[in-house]
Amino acid sequence: MGCTKFGELWDRTAESLIIEASSEAIVDAGIDIKDVQAAWFGTCADDVNVGKSAIRLGTTLKTPFIPITRVENLCATGSEALRGACYAVASGAVDIAMAVGCEKLKDTGYGGLPDFAQLLGTDNRVMFPNLTAPGGFAQLATAYFAKYGLSAEDGKRALARVSAKSHRNGALNPKAHLRNTPTVEQIMKAPIIAWPLGLFDCCGVSDGAACAIVCRADMAKDFRKDFVYVKSLQIAVSSGEEVAYQTWDGSYVETTYRAGIAAYKEAGITNPREEISMMEVHDCFSITELVTYEDLQISPRGKAVEDIEAGFFDINGTIPCQTDGGLKCFGHPIGASGLRMMYEEYKQLQGKAGERQIENPRLGLTHNLGGFPAMCVVAVNIIGNEL
Amino acid sequence: MIGITSYGAYIPWYRIDRKVIFQQLGWFNMANAAVARGEKAVASYDEDTLTMAYTAAADCMGDRRRDDVDGLYLASMSLPFGQRQNAVIVSDALDFRSSIRSADFTGSLKSGTTALLSGIDAVGSGSSTSLMVCAADCRVGKPGSSQEYTYGDGAAALLLGNEGVIAEFKGSFSVSHDFIDSRQLTTEKFEHKWEDRWVREEGYLKIIPEAALGLARKYNLQISDFAKIIIACPVAGALKALTKMFGAQPEQIQDNFVAKVGDTGSALSLMMLVAALEESNAGDKILVLSFGNGSDALYFEVTEEIDKVKPHINGIKGHLDRKTDLTTYGKYQVFQDIIPIEVGIRGEAIAPTAMTVLWQQGKTISTLQGVRCTVCGTPQYPKHAVCVNPACGAIDKMEPYRFSDKVGTVVSFTGDNLAFSWDPPQIYGLVDFEEGGRLFLDFTDCTLDTVSVGLPVRMTFRRKYEDKERGHNGYYWKATPVS
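Heads up: the sequence lines are chains A and B, in that order. Just so we're aligned: 185 in the working numbering is position 185 of the first sequence, and the numbers increase by one with no gaps anywhere. Just so we're aligned: 216 in the working numbering is position 216 of the second sequence, and the numbers increase by one with no gaps anywhere.
If we strip away everything but chain B, and leave its shape as in the complex, we get (with noise of 0.2 Å):
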């Protein structure tokens, strides 16, 4: 048996009421009112799809052994590197092996059940026995388009194998379509759409249907076998229609949460399937059908092993209402970088990262790796050589010790108007350990009347700095309330 044994989920903690971007813009397009409904997540300034990929795939290990997972496929439509694999800097945020296949999945917005079917095919071959696949996506929709208000960032991970599967992998059939509903060149950062009622009538509508049919006729499969369908469609008419079509019962159509979290593109599908796999029980059968140039049809069977997983797992219903008010759209906008903004003389001042240095430095950097001393037993970071306990004072007596998965408490701190931040005050400083051990962070997804010594953290992993000028972004650590 093959199929999914874990997943997780991720949700930005700020969101936006979309009556907020509606007051804004409205009166340029005020066909818009009809999309201004609910709130959106928003990903916030230190977060990009690879934080998000990190956070939703470490949701989804929990307390696994980093060092069984064979593969990592990451699917999104706004991975910020053309060129440096994406995939491989989450897989050694996650602490993964070197000896593993990664892949970078991208371009339509079926990427993600594509890279749930490559992953599952690889499992199914015997190429892989542990493989992690994540979808995430922060796309930015043009300000005056209704994507601006329906898009929402997030992320989703599933990890596939042959032992504890909780949903068993059924079969599948896909369709490749050039539909040009949407299209974007590299060089661009906005993209083009064409109109919504023939995106609804020859896309949603046809397309989608003709997967789902030719898994139908495939498998021998009735509508009314699934417990849950997972239809990767932002548009609510076209979702009610499509409902109506395959003859299906409200309660078996997963909710999108586009009211709540917004359309998450090629995570979207991914994300459905987790939320539907948190209500799961035995025996259910989920058909996930996604759409983008195409549709992918997939489904699976829930297992009993799925209830030795649900416990452990934050996913989507642990993220929904962890969530904070972004209340101006001014803030929104700068976070999606669509407006020029003075960033100053600090915040001009970005010195060149060495790529040396940071292939020296390796975990240290990329896993919040450090060391614990085997004579007194003290973690510690970073690679000391000399241990920092001045009871012992060993040298290179080190083993290696990560820090990215321990929580802690907060030592002293500040918030800082006078330094450069992209959310101010910029709050940092000194978290000791529970296991041991002490570092100085950057704080994040906090104010600072929320911050005092004592307070409880954990590590999370978020983009430090963007350097724009020589094509590089620095993702690091930083520390974030437990609750």
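Extracted from the complex, chain A is given alone in its bound form (with noise of 0.2 Å):
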């Protein structure tokens, strides 16, 4: 896998992002740039650089007339593009292939993810609020304090502590855009963005780019020793009863709950909180993190916040929660996080995370969401270096 490093990128263009990254796959796989035969393509908003369909890679990477897919499904593109790559060489059409994620957001000229109005076609101008992403997110806050008597103070603390343990390790990585460490005091007090999302609640948005080269199981070990198994893609999408029918209650996330479902059966995982050895989730907001603990079955329902308290998700708890800084401190290129999320888990996994190092990994998990709560598609993969 490559990962460059996230942030402000100014300087750069999408096409060195994406040969930094891919570079640094390709070495890391010891193989060359023509040994790819098919890529999966993912990026989201940056039709202002890269533009529609797959022809940037091929032409980015010189690669000579493969197939190639650009994916898009919002903030999941990521790990679509290596559910692409993976699906390839499971089906056995080829041997090798290739998953690049990037995004030039910053690009756009917006402090925050861009206006909604052309997302959602018609809906978003004519009928949806004007809604952001913090404002969609913080919808779940509202609910969940509200279902669990959490009071407006109790509730920003938890989140705090869910922001602050995330900084304590983006500021070990030099990968991470923000390498900064507020404390939880400086969290609750900081300017409210969308009730009661504070600035630290919010990850922010930036650059970069991210890679993948996967090839069947059984030929993995002619490569390099200490691969990685893919043992779950999984993606569920809503099924439109969130967001019209009233059985959702507004305070967590459906699908996250149903994705996990199926990716731990893939994986044949039984009791996750027991398993699972580490995971990046898709924070977005911190209290996005904060109910995807219960939504994937670590954290019982309403317990989330024991855990956080408890410093269960901390990098010397039980399971390591975004020991990389997660999106907090790397931002959000949409095309490329889902990539990052598993360059953290592959790296973990085989012993080379420096100081964010945990001990012995089993099964890391990736949670990457697309949409708003009430409206989205998540996926969660689960990789391990055990068959």
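Since the hints were derived computationally from the structure, they do not count as laboratory data. Quick caveat, the model's predicted, so the values are computed rather than measured. For every residue, glycine included, the Cβ atom is placed at its ideal position computed from N, Cα and C. Some hints here could point you the wrong way.
Computed spacing ranges between beta-carbons, pair by pair [said to hold, decoys possible]:
hint	chain 1	residue 1	chain 2	residue 2	range
1	B	Pro352	A	Lys265	32 to 38 Å
2	A	Gly111	B	Gly330	19 to 25 Å
3	B	Thr129	A	Gly111	38 to 44 Å
4	A	Lys52	B	Asp396	51 to 57 Å
5	B	Lys308	A	Pro300	54 to 60 Å
6	B	Ala354	A	Gly268	48 to 54 Å
7	A	Arg301	B	Thr374	34 to 40 Å
8	B	Asp396	A	Gly268	57 to 63 Å
9	A	Lys52	B	Thr327	47 to 53 Å
10	B	His312	A	Pro300	47 to 53 Å
11	B	Gly471	A	Lys265	53 to 59 Å
12	A	Gly51	B	His312	33 to 39 Å
13	A	Arg179	B	Val375	56 to 62 Å
Where chain A lies over chain B, by a calculated footprint (3+ residues, C-beta under 8 Å) [unchecked claim]:
hint	region
14	18-29
15	381-390
From these two lone chains plus the hints, build me the complex, please.
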């Protein structure tokens, strides 16, 4: 795998980021670019730079007329690119495939994600509220606080602990965009972006690229000894119930729960809290991470705050979460994030995470969410170092 | 018998203390101290003539069958569209049929009573059996003028018919004069006014009596015949002089609520009529005198049916005290679109609206009409073809279902400071309806600290966005607290 430093990379082009990430991956795999037989290109909002279709990846990498597919599933795009590459080798269609995710979001000129009026077609301008990502997810928090009787202060403190933990990890990561370590108090007092989320409850927007090279499991040992198995790739998409039917109560993400069930089944996991070693979840907002602990059946419903306060998800806790700093410290170049998450789990499994290394990891989980809690697509992927 | 069968009104939530205006601009024209008293109603950033007219008409309709109405006339001096009929936007929002007559009445302050007379003629002639007349205005007084103090925003609605009449139409007399107290080309943002004393002496004090006397002679009436006299004159001194001139008693004269709401233009005479009806009793005769390029004089006699209708209506009484302070003149100026303001990249990002899609979506947008599954009975929005109930999943088994008159509770919400808003933070969330169904909506007429999970809300028709570059306003529905 390969991954660039993420950040406000004003002087970098999309092409240079693609080259950097894929070069690292190619060297890591011990192959030549010409050995790649098919590629998947994940990019979402960057029509400014890379445009539509797969063309830009082929012309950048100078691949010799191989099949390349552009994929987009909002913020789950990175995982979607990996899915395409993995299914290609698993089906036997090709032996070696590549997944690249790249986004130059800072070139859109927005602080935060661009306006969504173009995103859901006419609905977004004519019917839906003029919502932003922070606002869409902040609703999770008001519903969660009300359901479990959390005061605004206690709720915000739990959220602040989530972000503070990620910042401590990101400070150890040279590839992260943000490497400062705000305190829980500073995070709680930060200006409100969308109530109750403050500035430090929200991940930033940034530029970056990441890359994965995959092959069939029986061939992997020909390339390296410390390869990693993809044990599960699952996606769940909203059925339309959440936004139009009354059973969902707005305080969790149904699609995460469903994708998790499918992923655990595919990977043969029966007790995730006991069996998962580490996680990279979609911490676009601190509240998303908090409810994800429960949606992935790690924390029991309503008990995520207890686990947070006990340090369960800290780097020296039982299931370290966001060991690389997460979206919180990397920002969220949409197409790249899913692959950046996978990069960290991959390095951890190989014992190459440096200062952030956790002891003897077996199974790493990545969780990648695109859209809003009421209408979303979630990818849950599990990799491990044993068959 | 033909006449009024129901009434309704609307006064915006925001009120500005006139002293606040004087503090900012009194230095420019100290004479305005005379009008810097009381408070006036200000349409919110998402309100305009059409949204106010809808709300007054919905108040008037109550639980009545929408299908029964066969016409809607809308009167205003501040219609948003010079071309694109304003009245049908309101009738669509009310979920009236398409097989109706609709018309805009504009150009004069007496257009409210003119629309009323035309509606009465339609019912009287048998062309219509049930016709809605609305009048609404949100005129902008030029900064520094006395109108900036006196003009207020509001709306009234009267349902006309020949059954269940609460106030029988008895007769009218109209005069029309090119009396140019005020003038404005269609291309201008602000009006021009002639001198106040001339308007009083030659206008109010001659033209209103001319219509009143014409009516009195035509029907052999005395001023003492009337329980209530509505004179749509916003100038206190002129109103007093007319009272004296007519030999009327002070208790006969309907309050024009300029002190609390403001001069609501073409809606004034109809709002005053609503206020009079709210307090009236069977047998009362009510005289209405409008003013504006002439005067319409009309009179009604209240029937016993009025007591059946009164309890169900908010009207003027129900809206007067439903208010909040618009505390700064700067906010007033932004709401009235008087000053340029930096909307930033998010405010500028207005995606084009496809008229084809609006037409195709039809009542889904204009009426907040969803569907109800005929198999499992679940209301749902928008027009799902596949039932959202995961235990049902029936395909194409839907019937139309109106959400605009339903109430619900808040499931989740936020106050978004990042989203562009004319009145930040942008408050929105999920709403569950008592009778089923769920919507994702903007909230309005509330502050963040008053919104909570479980708060009861109802639907209100608002201007969701303005696309000035492309000459379009997007109207849609928002949730607002029930109280």
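Status of the hints after comparison with the structure:
Separated by about 45 Å at the C-beta atoms, Pro352 of chain B and Lys265 of chain A break the suggested range of 32 to 38 Å. Between Gly111 of chain A and Gly330 of chain B the beta carbon distance is about 24 Å. The supplied range of 19 to 25 Å therefore holds. The hinted range of 38 to 44 Å is not satisfied by Thr129 of chain B and Gly111 of chain A, whose Cβ atoms lie roughly 58 Å apart. Here the CB-CB span from Lys52 of chain A to Asp396 of chain B is close to 34 Å, at odds with the stated 51 to 57 Å.
Under the hint 54 to 60 Å, the C-beta atoms of Lys308 of chain B and Pro300 of chain A, about 57 Å apart, fit the expected range. The hinted range of 48 to 54 Å is satisfied by Ala354 of chain B and Gly268 of chain A, whose Cβ atoms lie roughly 49 Å apart. Take Arg301 of chain A and Thr374 of chain B: their Cβ atoms lie about 35 Å apart, and the range 34 to 40 Å holds. Checking the proposed 57 to 63 Å range against Asp396 of chain B and Gly268 of chain A shows it is violated: the Cβ atoms sit about 41 Å from each other.
In this structure, Lys52 of chain A and Thr327 of chain B meet the distance hint of 47 to 53 Å, their C-beta atoms being roughly 49 Å apart. The supplied range of 47 to 53 Å is met by His312 of chain B and Pro300 of chain A, whose beta-carbon atoms lie about 50 Å from each other. Restraint check, Gly471 of chain B to Lys265 of chain A: a C-beta distance of roughly 55 Å satisfies the suggested window 53 to 59 Å. One distance hint, 33 to 39 Å for the beta-carbon pair Gly51 of chain A and His312 of chain B, is violated here, with the actual separation near 59 Å.
Separated by about 57 Å at the C-beta atoms, Arg179 of chain A and Val375 of chain B satisfy the suggested range of 56 to 62 Å. Coverage of the region 18-29 of chain B by chain A is violated in this model, with 0 residues showing a Cβ closer than 8 Å to a Cβ of that chain against a need of three. Counting residues of the region 381-390 of chain B whose C-beta sits closer than 8 Å to any C-beta of chain A gives 7, which meets the bar of three, so the coverage hint holds.
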